[in-house]
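Trainee: Going by my numbering, the first residue of the sequence shown is number 1, and it counts up by one from there.
Worth double-checking, as some hints may not be accurate.
As the list claims (entries may be wrong) - Dumping the calculated DSBU-like pairs for lysine-lysine here, alpha-carbon to alpha-carbon at most 30 Å:
1. Lys270 <-> Lys248
2. Lys270 <-> Lys245
3. Lys270 <-> Lys295
4. Lys291 <-> Lys248
5. Lys165 <-> Lys41
6. Lys272 <-> Lys248
7. Lys291 <-> Lys270
What the hints assert, rightly or not - Estimated spans, in silico, between C-beta atoms of each pair:
8. Thr181 <-> Phe214: 30 to 38 Å
9. Lys270 <-> Gln219: 15 to 23 Å
10. Ala208 <-> Glu244: 49 to 57 Å
Everything labelled a hint here was simulated from the structure, so no lab data went into it. These figures come from a predicted structure and were not determined experimentally. Cβ atoms here follow ideal geometry from the backbone N, Cα and C, with glycine treated the same way.
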Amino acid sequence: MKTFMLIATASLLLLLIPYATVLCESQPTYAIQIGSDGSAKWTVTQTLEINSSIETLETLQNRITLLVEASESTTGRAMAASVDSLTFTRPTNSSYIEAEYKFQWENFCEILDTHIVIGDVFRSPNFFDQLYGDGEVYITYPPQYVVQTVQPAPFTRNDSIQTLKWLGTKDLQNGTRIVLTQESTTLSFIDTLKGNAVLIAGLLAIAAGSSVGFYIFRQYKKKKSKAPENVEFRSLAGMESDEEKTVKLIRSAGGSLYQSAITNQLGFSKAKTSQLLGILEQKGVIRRYKKGRDKIVVLLEKDKSEI
1 MKTFMLIATA SLLLLLIPYA TVLCESQPTY AIQIGSDGSA KWTVTQTLEI
51 NSSIETLETL QNRITLLVEA SESTTGRAMA ASVDSLTFTR PTNSSYIEAE
101 YKFQWENFCE ILDTHIVIGD VFRSPNFFDQ LYGDGEVYIT YPPQYVVQTV
151 QPAPFTRNDS IQTLKWLGTK DLQNGTRIVL TQESTTLSFI DTLKGNAVLI
201 AGLLAIAAGS SVGFYIFRQY KKKKSKAPEN VEFRSLAGME SDEEKTVKLI
251 RSAGGSLYQS AITNQLGFSK AKTSQLLGIL EQKGVIRRYK KGRDKIVVLL
301 EKDKSEI
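When you get a sec, could you build the whole thing from the sequences and use the hints?
Mentor: Rendered as structure tokens:
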């Protein structure tokens, strides 16, 4: 009986070992974020056993440097890479740790006019083996770009979040070519108009209403401003001029009057009276004769229309 129990326990432990390994270790996940300048921001995550050898900043930088040098030889393009961060997290009461490596890779892609071409770096021998081996690969691209061609076909493709996913790195090591094309500015503008059609229609309606209102206001203001002008014109037309008043006063006095009397009776200043009489004298309506310190103004009989 004891022998049977020992055999059963040993068998159970042997069955549990693979599951314990699955819980403690996992394949890495590669997330590659492509920049519009051809750079790539890498984030590698991996679950490790707690007694596994831990990567350091120095060893990670050396690993990336060797990979970049190999990629330069393959592509003929100058490149550079630097580590951004290296973090390890151990969940509570767990026997494993979660590792995250981040690094920036300059000139990772080819830039051809308005196109970004991805894939030539993966032709480097054992590309992903120089990192952490086989695992899922996610490539995200800038929102102002669209996928023109992608080879090999990804396992999933989500254009709404600009993401392509492959289940394994081996898929990307045989003739990988992803071409991204920058969206047309005209199309983007049209899409913007479509997305804001209601708002734009409202703004146009407000603008049209404002224009009509402004036109009506201007017409009303023109009509309103014309009336006083007409009234003022009629009132001015019905008023006697100062020259007419002067001639009328001289006539009523019998055809002659002292200049000082004209000043007093019409309420003009001496200067104004002298100026008016000078104008009438030039027109031949009156004539002035000096008498002492004053002048006598004599009316010469002429038609009133000549004044």
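Trainee: Each hint: holds or not?
Mentor: Now the hints, each set against the structure:
| no. | hint | verdict |
| --- | --- | --- |
| 1 | Lys270 <-> Lys248 | holds (18 Å) |
| 2 | Lys270 <-> Lys245 | holds (16 Å) |
| 3 | Lys270 <-> Lys295 | holds (12 Å) |
| 4 | Lys291 <-> Lys248 | holds (22 Å) |
| 5 | Lys165 <-> Lys41 | holds (16 Å) |
| 6 | Lys272 <-> Lys248 | holds (17 Å) |
| 7 | Lys291 <-> Lys270 | holds (16 Å) |
| 8 | Thr181 <-> Phe214: 30 to 38 Å | violated (46 Å) |
| 9 | Lys270 <-> Gln219: 15 to 23 Å | violated (50 Å) |
| 10 | Ala208 <-> Glu244: 49 to 57 Å | holds (56 Å) |
In this structure, the earlier hints numbered 8 and 9 are contradicted, and the remaining ones agree with it.
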